[in-house]
Amino acid sequence: MNDKQLLIDRHNCEQLMRKVMLLLDGQMSEEEEKDFLANVSICNHCLESYQIEKNFKDYICNKVERKKLSEEALLNMRNQIKNNLGV
Amino acid sequence: MTTEEITKKDNELLFEREFFPHADALYNFAYHLTYNEDDANDLVQDTFLKSFRFINSYQKGTNAKAWLFKILKNGFINEYRKKSRAPHEVDYEDYIAFQDSDEAAGIGSLDMRSNVFQNMMGDEITNAINSLPADFRTVIILCDIEDFTYEEIAKIVDIPVGTVRSRLHRSRNMLKDKLRDYAKSKGIKEIR
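So the sequence lines, in the order shown, correspond to chains F and X.
Reading the first sequence from the start, the letters are residues 1 to 87 in our numbering.
Reading the second sequence from the start, the letters are residues 88 to 279 in our numbering.
Among the hints, a few may not be true.
Said to hold, decoys possible - Below, a list of computed lysine to aspartate or glutamate pairs in the EDC-like style, where the Cα atoms sit at most 16 angstroms apart:
| no. | chain 1 | residue 1 | chain 2 | residue 2 |
| --- | --- | --- | --- | --- |
| 1 | F | Lys82 | X | Glu99 |
| 2 | F | Lys68 | X | Asp111 |
| 3 | F | Lys57 | X | Asp264 |
| 4 | F | Lys68 | X | Asp129 |
| 5 | F | Lys19 | F | Glu53 |
| 6 | F | Lys68 | X | Asp126 |
| 7 | X | Lys152 | X | Glu105 |
| 8 | F | Lys67 | X | Asp125 |
| 9 | X | Lys152 | X | Glu238 |
| 10 | X | Lys152 | X | Asp111 |
| 11 | F | Lys63 | X | Glu233 |
| 12 | F | Lys68 | X | Glu124 |
| 13 | X | Lys157 | X | Glu99 |
| 14 | F | Lys57 | X | Glu233 |
| 15 | X | Lys137 | X | Glu92 |
| 16 | X | Lys157 | X | Asp133 |
| 17 | F | Lys82 | X | Asp97 |
| 18 | F | Lys19 | F | Asp35 |
| 19 | F | Lys19 | F | Glu30 |
| 20 | F | Lys68 | X | Asp125 |
| 21 | X | Lys157 | X | Glu238 |
| 22 | F | Lys4 | F | Asp35 |
| 23 | F | Lys82 | X | Asp133 |
| 24 | F | Lys19 | F | Glu48 |
| 25 | F | Lys63 | X | Glu211 |
| 26 | X | Lys147 | X | Glu105 |
| 27 | F | Lys54 | X | Asp234 |
Unchecked claim - Take a look, some chain X residues computed to stay more than 10 angstroms from chain F by CB distance:
| no. | residue |
| --- | --- |
| 28 | His119 |
| 29 | Asp222 |
| 30 | Ala270 |
What the hints assert, rightly or not - Here are the in silico distance ranges between beta carbons for each label pair:
| no. | chain 1 | residue 1 | chain 2 | residue 2 | range |
| --- | --- | --- | --- | --- | --- |
| 31 | F | Arg66 | X | Thr89 | 39 to 45 angstroms |
| 32 | X | Ser144 | F | Asn2 | 52 to 58 angstroms |
| 33 | X | Asp210 | F | Met28 | 31 to 37 angstroms |
| 34 | F | Ser70 | X | Gly274 | 35 to 41 angstroms |
| 35 | X | Asn123 | F | Asp9 | 21 to 27 angstroms |
Quick caveat, the hints were computed from the structure, so don't treat them as lab data.
Ideal Cβ placement from N, Cα and C applies to all residues, glycine included.
Using the sequences provided together with the hints, build the complete structure.
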């Protein structure tokens with residue numbers, strides 16, 4: 001039995017998709033990541049679900065507005081800390 | 088220079104090198120918790136003042152960002168949220184305690200096609216995140232915007248790593264539902 005057939009035989013969509021966010025959130029080891037991607041590549045449903053989750057994560061990362069502290073506010077905070085430090 | 092002067096100088100350097108570089112990230116987190124610029128400013132200022140007060144409990148060169156985020160999150164929970172909780176706001180802690188289990192961390196809805204949300208503007212996604220209960224949006228901000236690991240999030244929020252994972256899963260599904268509803272209201276069709 002070749003490696004690909006073994007992967008197909010052991011493939012479980014639900015179990016695999018439970019792990020998809022672990023990969024996207026950078027919580028997998030290199031080995032686990034390799035194993036996950038090999039498993040995903042043999043199933044169109046998993047591949048599509050993985051791509052959807054990846055797109056969703058990318059959208060959140062890239063599109064959410066990042067607020068910045070005004071320079072004036074930061075200067076005030078710096079001065080307040082300096083006063084507390086007594087410098 | 089006296090010992091006291093050296094300590095003051097060291098602490099000033101510590102603030103400049105390790106604490107102040109995270110001011111924008113802290114402000115962004117504070118804003119997403121309070122939705123108000125003045126309150127966010129106050130929370131960040133309070134965080135820096137507390138970090139000064141507790142400076143002896145911080146080890147130089149360790150994870151300053153996670154340490155500061157934990158102070159800010161505690162400040163929000165202990166002071167700000169108690170003061171400002173709207174009368175209609177539901178206490179989600181009981182709900183979370185009930186829901187946070189491995190069993191609850193099911194696969195959820197994965198049927199959202201990328202085209203449903205690819206045309207949405209940042210404002211729409213920001214508003215959708217801001218409409219989630221604080222405990223749910225907190226994990227999304229910490230993971231997806233600030234790139235903290237599950238372990239760091241667990242320490243900041245004071246919950247087990249497994250709960251971080253299930254809460255993130257649930258938060259993302261809630262967010263998808265909100266974005267899907269929004270897309271439908273704008274006439275954007277989902278591919279099935």
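Subject >> Restraint check for lysine 68 of chain F with glutamate 124 of chain X, where alpha carbons must lie at most 16 angstroms apart >> reply: holds (10 angstroms)
**OP:** Measure nothing beyond the straight line between the CA atoms of lysine 63 of chain F and glutamate 211 of chain X; if it is 16 angstroms or shorter, mark the hint as holding.
**Re:** holds (9 angstroms)
Original post:
Beyond 10 angstroms from chain F, beta-carbon-wise, is aspartate 222 of chain X?
Top reply: The claim stands: aspartate 222 of chain X keeps its Cβ more than 10 angstroms from every Cβ of chain F (closest is about 17 angstroms).
**OP:** Just tell me: holds or violated, for the beta carbon distance of aspartate 210 of chain X and methionine 28 of chain F against 31 to 37 angstroms?
**Re:** holds (33 angstroms)
**OP:** Would you assess whether alanine 270 of chain X, listed as outside the interface, keeps its beta-carbon beyond 10 angstroms of every beta-carbon in chain F?
**Re:** About 12 angstroms separates alanine 270 of chain X from the closest Cβ of chain F, which puts it past 10 angstroms; holds.
Original post:
Holds or violated: lysine 152 of chain X with aspartate 111 of chain X, Cα cutoff 16 angstroms?
Top reply: Since the Cα atoms of lysine 152 of chain X and aspartate 111 of chain X sit roughly 11 angstroms apart, the hinted pair holds (cutoff 16 angstroms).
Original post:
Is lysine 63 of chain F within 16 angstroms of glutamate 233 of chain X, Cα to Cα?
Top reply: holds (13 angstroms)
Original post:
Is the Cα-Cα distance between lysine 57 of chain F and glutamate 233 of chain X 16 angstroms or less?
Top reply: With Cα atoms ~13 angstroms apart, lysine 57 of chain F and glutamate 233 of chain X stay inside 16 angstroms; holds.
Original post:
Are the Cα positions of lysine 19 of chain F and glutamate 30 of chain F separated by 16 angstroms at most?
Top reply: The hint holds at about 14 angstroms.
Original post:
Does glutamate 53 of chain F lie within 16 angstroms of lysine 19 of chain F when you go C-alpha to C-alpha?
Top reply: Given pair lysine 19 of chain F, glutamate 53 of chain F holds - Cα atoms ~11 angstroms apart, limit 16 angstroms.
Original post:
Do the alpha carbons of lysine 57 of chain F and aspartate 264 of chain X lie within 16 angstroms of each other, as the hint requires?
Top reply: Cα-Cα ~15 angstroms, so holds.
**OP:** Using the Cβ atoms, figure out if serine 70 of chain F sits within 35 to 41 angstroms of glycine 274 of chain X.
**Re:** Holds: the Cβ-Cβ distance is about 38 angstroms, inside 35 to 41 angstroms.
The structure does not agree with the numbered hints 13, 15, 28, 35 stated previously, though it agrees with the rest.
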